[in-house]
Structure formats: C-alpha cells, structure tokens
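S.K.: Could you put the whole structure together from the sequences, leaning on the hints where they help?
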Amino acid sequence: MNKTKDILQILGRMRAPASSKLDERVYREIENAVTSGTTTPPGPELTLGQMFALFIKKPSARYTLATTAGLAILAALVLIHPAPSAWAMDQAIETLKKYKGLELSGTISTDGKTYPIDLWLKADGSGDFIEAALANVGGQGMFWTMDNKSYTYDPDGKTVYTEPGITLNLNPWPGPKMLSLLLAEKNYKVIEGYDPATGQKRVVVTCSSASTGNSLLLEFDVSTKLLVSMKIWDNPRQDGTPHLDFQKILYFDDLADSMFNFQPPSGTFVTNMPLTVPDASLPALSDTNYGISVEGMTREQACQTIVQQYWNATVNYDFAGFRRLSPSVGDLSDEFLRKNFDLDGIVQVLKIGGIERTGRSKLGPLALVPAWVRAKDGTVAEVWMIVQFRESDQGTSCVIYIEHGYALNVKE
Amino acid sequence: MFKEMHLVWRFNRGHTDALHEIYELHKHDLVTLAAALLVDKAEAEDVVHDVFIGFIRAGGRFRLTGSLKGFLATCVANRARNQNKSKRKQASDETDAAEAAAPDQERPDLATIFGEEMKSMGGALSKIPYEQREVVVLRLCSGMRFQAIARMQGVSINTVQGRYRYGLDKLKTLLNGELSL
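Taken in sequence, the protein lines are chains A and B.
At position 72 of the first sequence the residue is numbered 72 (my numbering), and the sequence of numbers has no breaks.
At position 51 of the second sequence the residue is numbered 1051 (my numbering), and the sequence of numbers has no breaks.
For the record, the hints were derived by calculation from the structure and aren't laboratory data.
Backbone N, C-alpha and C define an ideal beta-carbon position, used for all residues, glycine too.
This list has only true hints and no planted wrong ones.
Just so you have them, the derived chain A footprint on chain B, three or more residues with Cβ under 8 Å:
no., segment
1, 1021-1029
2, 1133-1141
So the derived label-pair ranges between C-beta atoms look like this:
no., chain 1, residue 1, chain 2, residue 2, range
3, B, 1166, A, 254, 55 to 61 Å
4, A, 252, B, 1169, 51 to 57 Å
5, A, 272, B, 1166, 31 to 37 Å
6, B, 1050, A, 301, 30 to 36 Å
7, A, 261, B, 1162, 39 to 45 Å
8, A, 272, B, 1089, 36 to 42 Å
9, B, 1062, A, 15, 25 to 31 Å
10, A, 191, B, 1066, 51 to 57 Å
11, A, 402, B, 1086, 46 to 52 Å
12, A, 252, B, 1166, 53 to 59 Å
13, A, 395, B, 1086, 41 to 47 Å
14, B, 1042, A, 252, 52 to 58 Å
15, B, 1166, A, 261, 39 to 45 Å
16, B, 1089, A, 358, 35 to 41 Å
Straight line, CA to CA, 30 Å or less: simulated DSBU-like cross-link-like pairs of lysine-lysine:
no., chain 1, residue 1, chain 2, residue 2
17, B, 1087, A, 21
18, B, 1027, B, 1085
19, A, 97, A, 248
20, B, 1027, A, 149
21, B, 1087, B, 1119
22, B, 1127, B, 1170
23, B, 1085, B, 1119
24, B, 1172, B, 1127
25, A, 231, A, 98
26, A, 97, A, 231
27, B, 1085, A, 21
28, B, 1127, A, 21
29, B, 1027, A, 158
30, B, 1027, A, 21
31, B, 1087, B, 1027
32, A, 21, A, 362
33, A, 189, A, 231
34, A, 21, B, 1089
35, A, 362, B, 1027
36, A, 158, B, 1119
37, A, 149, A, 351
38, B, 1119, A, 21
M.R.: Written out as structure tokens, the structure reads:
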C-alpha cells in the first residue's frame, strides 16, 4: 500500500468523539430554547399523507419501509388478538417446523402508492426466532442482519445505520410459534374453499384487532398445510389495499448465510442508528402507574434494577409484575403472556449489562441495556431493552419501552 | 435523506426531540471535523456547540436544500476558520508569537484528542497551512466534493484541488516513517 492510500485511510478512520460535557451543554441550550420560546411550539405530527409527500420527493428513501414492514408484521402477527380454530392449524404448525428458510415477495402500500418488497428470512435452530434477514424494498433500500447486528442502508444519503442485535421485529418467526400464539387467542374466522385458478382446496384464516387497528388474512394450502399468501391491513375491517400483501411465499429447508450478505457501495458512511421512541408511544410511557421509582440511583443502577425485575418477572411468570414495568405490554392477557413465556422458555437471568447506548425522547433520557438469559434448552441469548427515564411530581422514575433486538446462541 | 427531511420537518415545527436526534446523529462527526481543523478538542467542542445554538435559532424557518450533514459540516468549517483566524491574529499580536505557535513542539494532548493511534496524524495536520488542511479534512473526513469546498472557500475548483495535492504531499513528508499506523 502506498503512502497516499495510507493517509486517506487514516484520515477516514480519524475519530474525536463528542464528550458528555458537550452533550450537557447542547441539551441545556435546547431546553433553554424551549422555555424561552426560541423554538416554535410543537405542531402536529406528520400525517401519513405528508410523510408520503416527503417520501416521494426522494424515492430512494424507501429503505424506511423495510423496517416499517417488520413493524407492521409484528403488530399484525403478534399483538393482534386473533383466534383459535379447530381446523388443521396444528398440522400447519407441524408442517412448518420442517422449514428454516422463507422468501416472501409482494407489495407494500402506503397512501395509495404501492412498492415491491422482497423479504428473505432464516430461522434459528429452534425454528422460533429469526436468525438472519434481508429485505429489499423497491430495489432502493435494504435492511439486513449480520453477526447478530442489524443494518439499514439509505442509498440516497449513502449511509448505513447500525444497531446491536437483530431488530427486524418480525418475531416470532412466521412459523410454528406464531401460529401457536394465534391459537392462544379467540377471535379468528376460518373459511374453506377452492382457488379457482388452481382448483386446489384452500383454508383462509382472518383475524382483526380493534386495539391494534390491524386485520390479517392468511391463506393455507390444504394439501401441503403451508401458508401460501398473507395480507395485512392497517385497519381492522380489511378495507382497501392491504398495507402488506405477500402473494408468493417460498419455503426452504435452510438458507446459506451468504444469502444474507449485502455489501453497500464503497464510500458509504456508517453510523449508529439513533436511539429513539416514536412520539405515539410517549403518552403510555409517561403513565406513572407503570415503572419504578429510581430516586437516588444513578442511571446505571436504575437500568440494572428495572431490567433485572423485568427478567425476573418473565422467569417467574409474574404477569402483573411484568405488565407494571412496561406499558407496551400492559394490555396483553395472562393467557397470551403465558403462551409467549412458555414458547420463549427463559429459565434463568445470567447477567444485566451496562448502558450500551443513550438517546433522548421528549420525556427524557433513553438507555439501551443488554441482558443475558438462558433458555430451557440451555442456549444463552443476549436481549437489548430500551429504558425510558421520566420526571414527574413523584420524582424520577423509569419504564421499559420494549425489547429492542436480540442475539442468539451467545457465550455466557 | 428521507430521515433528514423528516427530522427537519419536525424540527421546524418545534419538536425538540428532532433537535436531540439531529444532534445525536451528527455530534461525533462534527466534533471530529472541528478537532481535525483546529487540532484542539475544547475549541472543537465550542465550535460545534455554537453551530448548534445557531441551528436551534433557525427553527421554524430552516430550509434544507442539500444534505443536513453537509450543511452542518459547512457551518462547522466556517466557524473553525473564523476561530483559527482570530487565534492567529492573537498569536501575531503577542510578542513571542513563535513560541505561542510552537510548531515543532510535542503536543501531548493529541493522543487525548484523537487517540494514541492517530496522534501523529493530528500533529502532522497541525503543521500544514490551514487552507490546505481544510480542503484535505473536508474532502477525506466529511466526504465533501471539491466543488462544494471551492464554493465555501470562495476560490476556483483548481485552487482547491491544488491545495488538496499540496496538503497530502506535505502530510506524506511529515509522516514519513510513521505510516505504520
């Protein structure tokens, strides 16, 4: 390597990180600006239409949809309150156990516009969690995982945003565990019929949820017992174009790790994904009926305490304690939580880590905290939690926002 | 880019969490840029602080015409240049200007600013003319195009490319034998 190349590389690697003192100074200026009225009072959040207006001005920003897709699927498949059926769901569960690889192709729609989406997923050994993922949205934005980290590529900004853990939020894997969770709830409908195009017998399962505002249609092939298409709407009535419409689902016994490699172009800027909480979640997170008081504790101590309590509640099936720590799960039924805990099978909390990243929401500071937990099969997972701090008349307290990413089969 | 547009949209409507996010997203790069230009961490943080004060005050009327990162980097470079000018003027006003500049003196703080691995580069940067340093740093640390640097420095693109070549040559000479970084 010649000297010029060395210099280019060295300068590219140069880092002088901002100190916590600068953080404090800038945050103080922001607070002062708010109290002195230098900044304008907050206006309304972007509507979907406005979001889309911004979005179409820069079509290559479609990468955002990759994560949206994951979130939408999570909302529909996990938080929805679907229902049991006597049909062959158990057979479908058994059949799906065989496959550890999936490709879902279809479209994603927002505000009347539709884009292609192609999603590759690989399940872990248990068949319950995603071990690797690659999402290509409109051919212009990518989300992928590698070595238990998640990456989102924005080609227009030539930037890759990284996060620890697998953060696609598409869990459980759309296989046995997901279908088992559907069975834990009580309000879905089953329709049997024939596909006129192929003459094959189909079973259509529909679910909706007034609380999450989603509805879902799953189509199974009766002879193979496999899920063959899936539609998800942003409304509980299956009105209009589905937000996600996977028309083709391919199954693989397994997929090679190389399938999930994505190499952004050279010169791409790599940075940490900022730690944030959507504004829509803040009213729930500010509810002082949830969380713990952390008066007199350092942030590290507070995070250790609340994350330890969260995992203790999980291990001990303490549903009330679990709900008390996190408003995000406050509405989930005992039955749903019991089934989820059974399927997760966490039996021991090994260690709570220190604060790994920090951020801030309107409510106050945020911290990303890892924990190492052992499952009943002996494997160890690292799971990251987002802790939200807030101030109220009752002093400083904190709540768990959500589990934010995980790494499977890690060392103790 | 969409993310930046969304953040600016929210910032202009008074959402302070957007300001926090903009700061968190760019703080390390901006401090690195300022530190490479000024070779002084405290001054670099002052510059970034001042840039954010200016940015906060622009809330409600800020118009994003390019990338936010590029805009903030240009603000930092402009402020760093002003800072450097006043420092040089102060040094020349002092009787013992040569001692104040101390170009060949060992700078123990360089390891604190850039880390042990990069201190030689920090030292070498401090010894090349400011205009050349600015071009080299903006091009290599911030990925800014020559055309944008030319516009910022108010000179032709040929001049900027010349400063870039001279700056790199000087760095090579200064770092001769120390390139095992």
